[in-house]
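Protein chains in written order, with my numbering: chain A, 1 to 220; chain B, 1 to 360.
Since the hints were made in silico from the structure, they are not lab data.
All of these numbers come straight from a predicted model, not from anything done at the bench.
Wrong hints could be hidden among the right ones.
Computed beta-carbon distance windows for the label pairs [what the hints assert, rightly or not]:
| no. | chain 1 | residue 1 | chain 2 | residue 2 | range |
| --- | --- | --- | --- | --- | --- |
| 1 | A | ARG86 | B | ALA240 | 26 to 34 Å |
| 2 | B | ARG348 | A | ALA169 | 54 to 62 Å |
| 3 | A | HIS19 | B | SER355 | 30 to 38 Å |
| 4 | B | ALA338 | A | ASP196 | 17 to 25 Å |
| 5 | A | ARG86 | B | LYS353 | 25 to 33 Å |
| 6 | B | PRO172 | A | HIS19 | 46 to 54 Å |
| 7 | A | SER45 | B | ASP182 | 44 to 52 Å |
| 8 | A | HIS97 | B | PRO174 | 28 to 36 Å |
| 9 | A | PHE128 | B | ALA291 | 26 to 34 Å |
| 10 | B | ALA338 | A | LEU133 | 37 to 45 Å |
| 11 | B | PRO309 | A | ASN148 | 39 to 47 Å |
Distance condition first, Cα-Cα at most 20 Å in a straight line; then the derived SDA-like pairs of lysine to any residue [said to hold, decoys possible]:
| no. | chain 1 | residue 1 | chain 2 | residue 2 |
| --- | --- | --- | --- | --- |
| 12 | B | LYS328 | A | LYS112 |
| 13 | A | LYS112 | B | ASP234 |
| 14 | B | LYS258 | A | LYS112 |
Partial list, computed: chain A residues near chain B (C-beta under 10 Å) [stated by the list, open to error]:
| no. | residue |
| --- | --- |
| 15 | SER48 |
| 16 | PHE131 |
| 17 | LEU133 |
Glycine is no exception: its CB is placed at the ideal position from the N, C-alpha and C atoms.
The residues making up each chain are set out below.
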Amino acid sequence: MTTERKRTYIWEFPVRLTHWVNFFVIIFLSVTGLYIGGPFIHPTSDQSFTMGWMRFIHLVAGYTLLMMVIIRVYWAFAGNKYANWRVFLPLTGRQRHDLGDATKYYLFVSKKPPYAAGHTMCAGIAYFALFLLFLFQIFSGFALFSYNSPGLVHEILGGWLTSLMNIQAIRFWHHLVMYFIWVIALVHVYLAVWLDSVEGNGLMGSIFGGYKFITGKEWE
Amino acid sequence: MGEASGSIYDSLRKKGVSRRDFMKFCSLMAATLALPVGGAAKIAEALEKAQKPTLVWLEFQDCAGNTESFLRASDPTVAQIVLDLLSVNYHETIMAPAGKQAEKSLADTVKNQKGKYLVVVEGAIPLKDGGVYCTVGGRAAIDIAREVCGNALATIAMGACAWDGGIPAAAPNPTGAVGVKDAVKGITLINLPGCPANVVNLTGTVVHYLTFGSLPLTDSMGRPLFAYGRRIHDDCERRAHYDAGRYVREWGDEGHRKGWCLYQMGCKGPETFKNCPAQRWNQGTSWPVEAGHGCIGCASPHFWDTMTPFYKRLENVPGFGVEATADKFGAGLAAATAAGLIVHRIARAAKKKSSEEEGK
Numbered sequence: 001m002t003t004e005r006k007r008t009y010i011w012e013f014p015v016r017l018t019h020w021v022n023f024f025v026i027i028f029l030s031v032t033g034l035y036i037g038g039p040f041i042h043p044t045s046d047q048s049f050t051m052g053w054m055r056f057i058h059l060v061a062g063y064t065l066l067m068m069v070i071i072r073v074y075w076a077f078a079g080n081k082y083a084n085w086r087v088f089l090p091l092t093g094r095q096r097h098d099l100g101d102a103t104k105y106y107l108f109v110s111k112k113p114p115y116a117a118g119h120t121m122c123a124g125i126a127y128f129a130l131f132l133l134f135l136f137q138i139f140s141g142f143a144l145f146s147y148n149s150p151g152l153v154h155e156i157l158g159g160w161l162t163s164l165m166n167i168q169a170i171r172f173w174h175h176l177v178m179y180f181i182w183v184i185a186l187v188h189v190y191l192a193v194w195l196d197s198v199e200g201n202g203l204m205g206s207i208f209g210g211y212k213f214i215t216g217k218e219w220e
Numbered sequence: 001m002g003e004a005s006g007s008i009y010d011s012l013r014k015k016g017v018s019r020r021d022f023m024k025f026c027s028l029m030a031a032t033l034a035l036p037v038g039g040a041a042k043i044a045e046a047l048e049k050a051q052k053p054t055l056v057w058l059e060f061q062d063c064a065g066n067t068e069s070f071l072r073a074s075d076p077t078v079a080q081i082v083l084d085l086l087s088v089n090y091h092e093t094i095m096a097p098a099g100k101q102a103e104k105s106l107a108d109t110v111k112n113q114k115g116k117y118l119v120v121v122e123g124a125i126p127l128k129d130g131g132v133y134c135t136v137g138g139r140a141a142i143d144i145a146r147e148v149c150g151n152a153l154a155t156i157a158m159g160a161c162a163w164d165g166g167i168p169a170a171a172p173n174p175t176g177a178v179g180v181k182d183a184v185k186g187i188t189l190i191n192l193p194g195c196p197a198n199v200v201n202l203t204g205t206v207v208h209y210l211t212f213g214s215l216p217l218t219d220s221m222g223r224p225l226f227a228y229g230r231r232i233h234d235d236c237e238r239r240a241h242y243d244a245g246r247y248v249r250e251w252g253d254e255g256h257r258k259g260w261c262l263y264q265m266g267c268k269g270p271e272t273f274k275n276c277p278a279q280r281w282n283q284g285t286s287w288p289v290e291a292g293h294g295c296i297g298c299a300s301p302h303f304w305d306t307m308t309p310f311y312k313r314l315e316n317v318p319g320f321g322v323e324a325t326a327d328k329f330g331a332g333l334a335a336a337t338a339a340g341l342i343v344h345r346i347a348r349a350a351k352k353k354s355s356e357e358e359g360k
């Protein structure tokens, strides 16, 4: 491994912002969503407003997630090459090659870590899947909300889904997809910590400050 | 089974219905139809002049539950009003004639009053194998429906089965049952889903027609907005308990005895649109949620398939046995992922150790 490392700005502010806001929003949405699906707090006071607050937080967090998705989609076109939409899909031969390399390393077939300045191709595909899951959660969430509060905004944001799926199926998948997001989050943290330890390029720090320490030979 | 003669009001007076009771009925109808101030007077004016509309009632793949609902008027005065509004020429369950005589009264109505009579359809219509799974007097339901509904002024599909096939159409739908809207195209149709539909909404639909000369406005699924425009959850008397977080968690527990929200017991009020909380049943005596049982969503599309399990919030995960709920499946998935990552971490450590040993 070369020792010559250059401090390089990889993750621009909008990327880091959406990452950390999503981090908190997913936690809030999961806890309140689990409560809404199966209330686990049992107030007895006639002054309580538990479900009311849970739904309020869930809806505010839902709108926040929608805003983060909009910002990130915009940045996929306006941001630097590490944030560009092309990094999420194996479009080039180089990308497909990297997909094979990264997969082999994760499965212990190869011993060469997938040095990447931005995302590895595996990560890119995982985040694209995550993006689709977010979209589904947003549309299905607003579809459920449209029953509560019929109107044009909710119709556009997800009410249209009720003509394609029955409302209970929407509720079921909205619930189940949360767990799929957890799976991606768990694997994401695990692989990030691992790659940070073997590549030593400040990967874990980069999501806070935006900089990685790279040699210039990384796949980009 | 009377002849269509004289105005509805005259006929009611002859039966001994007082002016006061008549006006009370008009007020009930005005409230049901959500008419503005003066609506009751307008209805009264219309009914004083209107002739009784002729009505035939067809039963196909049904349990006669909507007929029961139709006849279950507990207050005698109101029952008279409901039955005297209409001149029922054919109704298999309650008519006196039988066999050929009965079929003749249906054929006569279709022939003599073509384009002027109303049809109520109760029950689903099977289409599979040429419609052989439901026949009346040797004719397939689909043939009867096409002829009778096709020549009618308007058709009222009463109950879940006549709307979208209901229980006969539930998976796997062995007889290919469908509702009137899919069986007979191009007719004037209004749907009153529910299992059964509430007779007040049937009366309201007829009164709307008699008063305004048109059928009430409907939603995208052909259901009148006056009866299916509001969500049960939003008009529920237990709604405050829902917002507060006070739920029945087990039948007969403290919350159930105190009348708390039935959400956790699988109540489908949050996804069902009907006027049950306002209209109630059996002349406004009670309705399921008031009686301590959750809504089963019987006015929702394909409710037997989509609203089950009735006593749980969500359906089960298919392919994992009957008790695999979304939460059990999801928690299992997350746990399996975590376990997989731990195994991966151990494998990494073992691999590192072995390569260090190789390097020695």
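Verification of the hints:
Judged by the Cβ atoms, the range 26 to 34 Å given for ARG86(A) and ALA240(B) is violated: they are separated by roughly 53 Å. Against the hinted window of 54 to 62 Å, the Cβ-Cβ separation of ARG348(B) and ALA169(A) comes to about 40 Å, which falls outside the hint. A hinted range of 30 to 38 Å holds for the C-beta pair HIS19(A) and SER355(B), which are about 34 Å apart. Distance hint for ALA338(B) and ASP196(A): a CB-CB separation of about 19 Å, consistent with the stated range 17 to 25 Å.
At roughly 40 Å, the beta-carbon separation of ARG86(A) and LYS353(B) lies outside the given 25 to 33 Å, and the hint is violated. A hinted range of 46 to 54 Å for the beta carbons of PRO172(B) and HIS19(A) is consistent with their spacing of about 47 Å. Between SER45(A) and ASP182(B) the beta carbon distance is about 50 Å. The supplied range of 44 to 52 Å therefore holds. Taken as a hint, the range 28 to 36 Å is violated for the pair HIS97(A) and PRO174(B), whose Cβ atoms sit roughly 54 Å apart.
A beta carbon spacing of about 51 Å between PHE128(A) and ALA291(B) contradicts the range 26 to 34 Å that was offered as a hint. Checked against the hint of 37 to 45 Å, the C-beta distance between ALA338(B) and LEU133(A) comes to roughly 19 Å, which is inconsistent with it. Hint check: PRO309(B) to ASN148(A), Cβ distance near 23 Å, so the stated range 39 to 47 Å is violated. Taking the CA atoms of LYS328(B) and LYS112(A), the gap is near 38 Å; set against the 20 Å cutoff, the hint is violated.
Only pairs whose Cα atoms come within 20 Å are accepted, and LYS112(A) paired with ASP234(B) is rejected, the gap being roughly 60 Å. Taking the CA atoms of LYS258(B) and LYS112(A), the gap is about 66 Å. The hint is violated against a cut of 20 Å. Taking 10 Å as the C-beta cut-off, the interface hint given for SER48(A) holds, the closest approach to chain B being about 5 Å. The beta carbon of PHE131(A) comes no nearer than 19 Å to any beta carbon in chain B, farther than 10 Å, and the hint placing it at the interface is violated.
A distance limit of 10 Å between C-beta atoms decides the matter here; for LEU133(A) the minimum to chain B is near 13 Å, and the interface restraint is violated.
Figure legend: structure checked against the earlier numbered hints; hints not met, in rising order: 1, 2, 5, 8, 9, 10, 11, 12, 13, 14, 16 and 17.
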